[in-house]
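Asker: Sequences and hints are given; from them, build the entire structure.
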Amino acid sequence: MQRSSVQPLVSVHNLSKSFPGVKALDQVRFDLMPGEVHALMGENGAGKSTLMKILAGVYRKDSGEILLDGQPVDITSPAHARALAIGIIHQELHLMPHLNAAQNIYLGREPKKVFGLMLDEARINQDTRTLFQRMNLVLDPQTRVSELTVARQQMVEIAKALSFQSRVLIMDEPTAALNNVEIEDLFRIIRQLRAEGVGIVYISHKMDEIQRIADRITVMRDGCYVDTVPADTAMDRVIAMMVGRSLEQTAGHTPDTAANEVLLEARGLCRGRAIRDVSFQVKRGEILGFAGLMGAGRTEVARAVYGADPLDGGEVRKRGQVLRLRSPQDAVRAGIGYLSEDRKQFGLALGMDVASNITLPSLARFLRLGAFLKGPAIQSISARMVETLRIKTPSLSQIARLLSGGNQQKVVIAKWLVRDCEVLIFDEPTRGIDVGAKSEIYKLLNDLAAQGRAIIVISSELPEILLLSHRILVMCEGRITGEVPGRGATQEQLMALATRREIESVATVH
Amino acid sequence: MSQTESANPLMRRLSGGQAKQKLLAFASLIALMVVFTVLKPDAFMTQDNIIGILQSTTVIGVLAIASTFIIITSGIDLSVGVLMTFCAVMAGVFLVNLGLPLPVGVVGAIVVGALCGVVSGLAITRLKVPPFIATLGMMMLLKGASLIITGTRPIYFSDVTGFDQISLGSVIGHVFPSMPIPNGVLILFMVAVLSAIVLNKTALGRYTFALGSNEEAVRLSGVNVNRWKVIIYAFGGGICGIAGLLIASRLNSAQPALGQGYELDAIAAVVIGGTSLSGGTGTILGTIIGAFIMSVLINGLRIMSVAQEWQMVLTGLIIILAVYTDNLRRGKS
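Sequences listed follow chains A and B, in order.
Read in order, the letters of the first sequence are residues 0 to 509 in numbering that gives the first Met the number 0.
Read in order, the letters of the second sequence are residues 0 to 332 in numbering that gives the first Met the number 0.
Fair warning: there could be bad hints in the mix.
[Claimed, not checked] In silico DMTMM-like pairs for lysine to aspartate or glutamate, Cα to Cα no more than 25 Å straight-line:
(1) A/K343 with B/D158
(2) A/K437 with A/D308
(3) A/K205 with A/E476
(4) A/K205 with A/D419
(5) A/K22 with A/E340
(6) B/K127 with A/D235
(7) B/K127 with A/D352
(8) A/K373 with B/E214
(9) B/K200 with A/D419
(10) B/K200 with A/D352
(11) A/K343 with B/D47
To be clear, the hints were calculated from the coordinates, so they are not data collected in a lab.
Answerer: Right under this line is the structure:
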């Protein structure tokens with residue numbers, strides 16, 4: 000046996016995992032030393048989250064080996080992972096807002112008193128206080144979680160993971176919703192845990208953070224292991240490893256749309272702190288990109304323009320006409336379609352078939368006597384859409400839930416094509432879609448613009464937004480912090496604007 | 000798969016393409032009937048008894064059809080039983096107290112049902128009261144209203160010529176004397192066929208499924224979700240009006256204290272028929288089969304002289320078992 004100081008905490012060999020139709024992980028390897036912050040990088044869909052979910056017991060591996068302290072283990076459930084001292088902090092926090100911090104941390108394993116009849120609140124408060132002290136966190140254990148900022152909630156999640164004596168801590172994009180000060184706080188705690196010998200897996204897209212906090216970087220691409228390098232490796236090299244291929248065709252030329260009609264214009268949109276004085280125009284044939292970090296207010300702007308959420312002020316004009324947007328109905332009638340970032344929650348009726356979904360927004364057009372469905376017309380337009388968009392489905396009566404992510408997205412696009420919307424807002428159009436389908440969606444967006452529609456694309460993936468957009472607006476904290484042309488802009492430029500916080504003034508970068 | 004479906008268009012129309020799923024429920028119904036026939040050959044499979052089963056299913060069957068629409072939207076309507084009674088009472092007001100002609104009273108009762116559905120729908124969509132509470136409130140309100148209007152005394156239709164024929168007469172028996180199937184049963188099947196057409200062939204039906212499948216996605220598709228919900232509750236209310244006419248005709252009176260508890264029998268029939276309380280799926284054919292399973296069970300147990308309290312125990316167990324097997328079939332567990 001090796002000396003314990005060099006033996007990895009976790010060591011993964013040849014790990015593979017398939018989901019129906021997708022090979023999510025293919026012979027992946029990974030190791031984590033005690034007292035190390037190991038960054039895991041890769042594009043969306045590279046397999047990072049799948050790998051971590053296997054370690055956390057959320058998924059079972061198909062094949063391969065996981066060694067914990069040199070011993071092979073088969074992690075069967077999240078509870079099992081916890082028992083093995085592996086803790087995970089998911090991107091979406093899983094706390095009960097109505098319980099206080101201490102109650103959340105000890106949920107489901109509360110210490111009892113009086114013959115096991117009563118909860119020992121005093122003890123969980125004391126234990127939580129000890130945890131917080133270890134993290135150097137000043138927080139009353141009895142504060143209700145709903146009163147905490149997202150950053151503080153994340154600290155509670157970390158404390159919860161630590162309360163299981165975790166020696167492996169997995170953090171999935173922990174800084175996505177944090178501001179600079181909060182990020183510093185998080186890093187302080189990470190450094191402290193590292194000093195205590197905890198091994199930390201850190202998943203993030205943010206290069207600057209990773210270079211500051213990580214010791215090593217493992218890059219994954221399309222479900223495969225690429226390489227493991229020291230954290231001070233040049234950014235460009237890491238990006239090249241992540242992308243691994245020249246980013247698809249399309250880009251080509253940016254059409255000259257300067258003389259085209261303005262289809263959609265927003266002036267001075269405001270809502271609380273979420274949307275602050277946002278104005279923009281989109282012309283016929285143009286693809287306008289909205290870049291920014293999670294929570295920058297891009298989705299909020301899109302939903303407001305679509306009438307899904309109310310505005311405090313400002314106006315939206317379609318071809319010069321001011322729109323009264325009280326509900327999505329008004330926007331759809333004005334020819335604006337919105338494709339939500341969350342297809343499953345907002346885009347599709349998953350239990351219904353492909354044809355029903357495709358015709359849902361335009362059903363009124365397919366009625367006889369105002370009430371009876373024109374079955375053949377619905378079938379034929381759906382069949383045409385399935386063909387033009389190359390939606391892979393065994394039949395039009397296939398339930399939407401059973402399609403792959405890319406094909407579900409195409410069904411949503413088909414909905415709006417049938418409705419014949421002139422302005423289409425795509426919110427994270429390729430989220431959760433595999434690489435092959437991605438380039439098809441890119442091509443589709445270009446075709447739609449070329450046909451004279453105005454396209455707005457919101458994406459958190461910088462390469463994607465650079466590839467697609469003719470013009471890019473960057474948002475931060477509800478404001479537009481800059482505009483850059485789609486051609487020739489760099490990720491660094493966008494990143495700089497996306498993190499330009501208050502005080503600093505709005506600027507245009509060329 | 001699509002070929003077997005299109006091979007039997009009627010089956011498909013009634014079941015919305017889920018014929019295979021319904022087969023199991025139908026098989027259980029047949030099995031139940033076989034068991035009772037074997038155990039009580041001279042009492043169960045007699046013409047009188049079969050007609051009795053059909054007749055006793057009419058009211059619950061029609062109410063269950065109304066509930067099916069609501070439940071597919073992932074809502075619930077607790078007021079259907081009491082609304083039925085309220086419509087019966089209003090039929091009494093129109094026909095007996097006001098002396099209006101029979102067709103006006105019939106249409107009036109159905110319109111009253113639909114209007115009550117509109118009220119429930121508005122409470123749910125405009126006041127944002129959850130369906131469970133909104134219809135619970137409507138249930139209490141309508142029960143009180145029925146008692147107030149009637150002064151707690153039944154209204155008798157003895158002087159309204161032909162009213163009892165709505166449920167008890169037999170148009171079929173008139174033509175085929177060997178098959179004295181009461182009109183109530185005919186009405187149940189007509190309501191079922193029309194409802195199946197509405198559910199599967201009209202915009203109302205399409206939005207019923209869509210709302211239950213993903214209401215937010217429907218809203219973001221630019222559909223006026225609130226308006227359609229009100230329409231669906233109104234449609235359900237109108238069907239409750241038909242149930243009110245059926246029961247009033249059968250009893251030849253409007254009994255103001257009747258009705259509470261029927262909504263739970265209706266929901267049980269819907270659920271036994273394979274409609275999920277979480278919405279998005281369901282068929283009229285399944286609901287009809289569910290309603291018949293309930294009445295065959297109760298009838299059979301009664302013939303076998305099982306005490307009423309044990310009938311209840313067994314019915315409760317059957318409901319739980321039915322939903323459990325349905326879950327197994329869908330691979331949920």
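Asker: Each hint should be assessed against the structure and marked as holding or not.
Answerer: Going through the hints against the structure:
1. With a C-alpha separation of about 59 Å, the suggested pairing of A/K343 with B/D158 is violated against the 25 Å cut-off.
2. Taking the CA atoms of A/K437 and A/D308, the gap is near 29 Å; set against the 25 Å cutoff, the hint is violated.
3. Of the supplied pair hints, the one linking A/K205 and A/E476 holds, its CA atoms being roughly 17 Å apart against a limit of 25 Å.
4. With a C-alpha separation of about 38 Å, the suggested pairing of A/K205 with A/D419 is violated against the 25 Å cut-off.
5. This hinted pair checks out: A/K22 and A/E340 have alpha carbons roughly 23 Å apart, not beyond 25 Å.
6. Pair hint B/K127 plus A/D235 does not hold up; C-alpha atoms about 53 Å apart against a cutoff of 25 Å.
7. A threshold of 25 Å between alpha carbons decides the hint, and for B/K127 with A/D352 the separation of about 29 Å lies outside it, so the pair is violated.
8. Straight-line distance between C-alpha atoms of A/K373 and B/E214 comes to about 23 Å, which keeps the hinted pair within the 25 Å bound.
9. A distance of roughly 24 Å separates the Cα atoms of B/K200 and A/D419; the hinted pair therefore holds under the 25 Å criterion.
10. At most 25 Å may separate the alpha-carbon atoms for a hinted pair to count; B/K200 and A/D352 meet this at roughly 14 Å.
11. A hinted pair counts as satisfied when its Cα atoms are at most 25 Å apart, and A/K343 with B/D47 does not qualify at roughly 53 Å.
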